[in-house]
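> What follows is the residue order along each chain.
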Amino acid sequence: MSGIPKAIGNAPCTLRRSFTVKLLLGLCVGVSAAQSPVATTSLLHKQAPQFVRTDLENRKLDLRAYRGKVVLLDFWATWCASCQIEMPRFVAWQSQYGPRGLQIIGISMDDDPALARKLYKKMKLNYPVAMGDDKLGRLYGGVLGLPLTYLIDSQGNVQARFRGEADLNSIEEQFKPLLRP
Amino acid sequence: MKIGLVRRSGITALLVFAFLSLSMQLRAQFTPAPAGSAFSIPDAQLLKPEALVQLLHTTNKDKPLILQVGSHMLFTQAHVPGSEYAGPGSQPAGIEQLQNRVNALPRKKLIVLYCGCCPWNRCPNLGPAFAKLREMGFTNVKALYLANNFGADWADKGYPVEAGN
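Respectively, the protein sequence lines represent chains A and B.
When we follow this note's numbering, the leftmost residue of the first sequence carries the number 44, and every step to the right adds one.
When we follow this note's numbering, the leftmost residue of the second sequence carries the number -12, and every step to the right adds one.
The shape of chain A in the complex, shown without the other chains (with noise of 0.2 Å):
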């Protein structure tokens, strides 16, 4: 990363110098595996983790209920603007491939559900969305960091997994082959 100066991380500069600090790194990850709260296993190709919920329109949300359909499980926030710039993309595609099987469902990661609420109505959301939390989170092997999108096959399976500022054409070709033709 150029932007940092190379001073910021008071790199060391001699050889003895930069063997404690990587020997204290090294504890330190070692450390952290052993004391890390968030799940590290991928879910990929495994079964989706269930969970059940109250979407925004108060309907009853259970995943295991999209099962036979391709979903999208999008974790998004209102302060996340990446997730915005998605989300007309979502409608869109929940539109032109619900037909053929797509089911996009949004978790707000939001603290205040209030505010979910009205970004949901402004972006005239055409698929459910229910509230997130850290438990739910963690069963996904940790949202820290969004926008945060799982492909779930129709079998329930997990088939890819995008993070950030995602290509959304390359998603597009993704999910596409999965569809009922």
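Where hints are given, some of them may not hold.
A few chain B positions that, by computed beta-carbon distances, are all more than 10 Å from chain A [as the list claims (entries may be wrong)]:
1. T46
2. M60
3. E71
4. P79
5. E83
6. N90
7. P93
8. R94
9. K95
10. A118
11. R121
12. E122
13. G124
14. G138
Here are a few chain B residues that face chain A, going by a calculated C-beta distance under 7 Å [what the hints assert, rightly or not]:
15. T45
16. H59
17. L61
18. T63
19. A65
20. R109
21. P111
22. N135
23. N136
24. F137
25. A142
Keep in mind the hints are simulated off the structure, nothing from the lab.
Cβ coordinates follow ideal geometry from the N, Cα and C atoms, glycine included.
Assemble chain B onto chain A, guided by the hints.
Below, chain B without anything else, positioned relative to chain A:
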């Protein structure tokens, strides 16, 4: 000779067209960073994750105050050990919470702010929180540089984390 020239210019035109359409698509998808984003923080005040890991082992009185100024839901899942939640910097209530937390501190105190909610150029929290502390007269404020988010640039790298409130 002529056919070769025509073919070459055809390929060049095709490449230019492909480049233009790709750049248009990218521009449409990746709109500019909003005002007040983390980009407003001077480079000299940024702290790399590995530098913060070293600071975590500081035992003297120079130990920094580490504040997360983003989402509480993200904080409860995982945060930098010893750090405190100080409210979302993008909201007035969050800025007030931050102000209350640091008000009594000496202005030379080393304070490290971090968020990691989203990609650096999209973070709405760090910029306002950083600006508030500078406005209050704090002279030793750093911002943890997390290019993508807390998960990718901290937790996944194996740096230490804690869960809970």
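> Work down the list of hints and note, for each, if the structure agrees.
Checked hints:
1. T46: At roughly 13 Å from the nearest Cβ of chain A, T46(B) sits farther out than 10 Å, so the non-interface label holds.
2. M60: With a cut-off of 10 Å, M60(B) comes too close to chain A, as the shortest Cβ separation is near 5 Å.
3. E71: holds, 16 Å
4. P79: holds, 13 Å
5. E83: holds, 15 Å
6. N90: holds, 23 Å
7. P93: holds, 22 Å
8. R94: Holds, since 21 Å exceeds 10 Å.
9. K95: At about 18 Å from chain A, K95(B) clears the 10 Å cut-off, so the statement holds.
10. A118: The assertion about A118(B) holds, with a minimum of 17 Å to chain A.
11. R121: holds, 17 Å
12. E122: Check passes; 21 Å lies beyond 10 Å.
13. G124: At roughly 22 Å from the nearest Cβ of chain A, G124(B) sits farther out than 10 Å, so the non-interface label holds.
14. G138: The claim breaks: G138(B) does not keep its Cβ more than 10 Å from every Cβ of chain A (closest is about 3 Å).
15. T45: violated, 11 Å
16. H59: Hint holds; H59(B) Cβ to chain A Cβ min 5 Å, cut 7 Å.
17. L61: holds, 6 Å
18. T63: holds, 4 Å
19. A65: holds, 5 Å
20. R109: holds, 4 Å
21. P111: holds, 5 Å
22. N135: Nearest chain A Cβ about 5 Å off; hint holds.
23. N136: holds, 2 Å
24. F137: holds, 5 Å
25. A142: holds, 5 Å
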